[in-house]
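Protein chains in written order, with this note's numbering: chain A, 1 to 170; chain B, 1 to 160.
Just so you know, the hints here were simulated from the structure itself, not pulled from any lab data. Treat the hints with caution; some may be incorrect.
[What the hints assert, rightly or not] If we take Cβ atoms under 7 Å as the criterion, some of the chain B residues that face chain A in the derived model are: (1) A26; (2) V32; (3) A36; (4) P51; (5) M53; (6) E63; (7) T87; (8) A149.
[As the list claims (entries may be wrong)] Derived list of chain B stretches under chain A, where covered just means 3 residues or more per stretch with a C-beta under 8 Å from a C-beta of chain A: (9) 71-85; (10) 115-123; (11) 153-159.
Note that the Cβ used here is the ideal one computed from N, Cα and C, for glycine as well.
Here is what each chain is made of, one letter per residue.
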Amino acid sequence: MSGAGFETLKALIVEDNAHMRSLLRALLNSIGIKEIAEAAHGQAAIDSLRERKSDLVLSDMAMKPMDGLEFTRHVRTHEHSPNPFVPIIMITGHTEKHRVEQARDAGVTEFLAKPITAHNLFSRIAEIVERPRAFVRCESYFGPDRRRRVIDDYAGPWRRKEDFQDMDVR
Amino acid sequence: MTKHATAEAQFITPEAYPQLMSKRGAAQAMKVLRSAQTSVKAQVAFEAAVPPMRAAILQYVDELEDCAGDMSCVFDKVHEIRGFAETAGLMTTGRIADILCRYMDDMYRIKKPIDTVIVNLHVAAIARAARAEDDDVKLGEVVARQLAALVAHRIADASR
Chain A
1 MSGAGFETLK ALIVEDNAHM RSLLRALLNS IGIKEIAEAA HGQAAIDSLR ERKSDLVLSD
61 MAMKPMDGLE FTRHVRTHEH SPNPFVPIIM ITGHTEKHRV EQARDAGVTE FLAKPITAHN
121 LFSRIAEIVE RPRAFVRCES YFGPDRRRRV IDDYAGPWRR KEDFQDMDVR
Chain B
1 MTKHATAEAQ FITPEAYPQL MSKRGAAQAM KVLRSAQTSV KAQVAFEAAV PPMRAAILQY
61 VDELEDCAGD MSCVFDKVHE IRGFAETAGL MTTGRIADIL CRYMDDMYRI KKPIDTVIVN
121 LHVAAIARAA RAEDDDVKLG EVVARQLAAL VAHRIADASR
């Protein structure tokens, strides 16, 4: 790892609309990311990840034949996944609560509702750069820690081994 | 009070897996993200995207009209239009698409049948707004308000 910022990163855009891919590419270019691969659906994205390292993934949700949720689950949990920790920003026009929860449970790092703005996209990238998320591995999930904040006076129920560390349990 | 763990999970801190960049790199990256130069470049990117996005929206509108009562098809296309319309500068189109998306989402959520009259009204309004060269904002907003009121009324009825 060097002292370099965005210029050495490799990104992957997974989106079925060519115009949106083009816009996302231009936005990534504007912050200095030059090495960008593109895929029109989840399966093509998996192939791309096998062939070439990617440090950051921007993915649409609704695509055929493989959507962004299945793609994300594959990246996070497949035994041959080249980088299960890669940050994935899910960009979608489907903003219903259950869709957001599906994305979270698939293991996305950030969720961004379309229509996109530069400010919104850059704020998600800033989150990834400034506050990298811890990961959680359990029987039913592998991905970024889904708890966004620590509640000091949380009274349980306690689910994780670490929850007991530094705790006075009587 | 004894606190019980109901399942064990492995917690992997950010220091324990490869990071996107070093702390020095992150500081540099944050400067780039916040710079005026980046804002200008992003603005240029958005402006360049408008004409092709408009063409894409018109394509989606044609496909939406061709759905001919296939609600799964309408659902997919109208969500695409909602996602792209504003980027294409078609605010009214995006607003009407958003109303239809919310209507369909809510009806599916409460497991009630979709009213095809409501859908057809929205599809016609979306097509008209998208094809109007100047995206007639005043007329479109009036139509959008009326459709929003109609949908709110129908959802309230269906929820009883």
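### Task
Could you work out which earlier hints the structure fails to respect and list their numbers in ascending sequence?
3, 4, 6, 8, 10, 11
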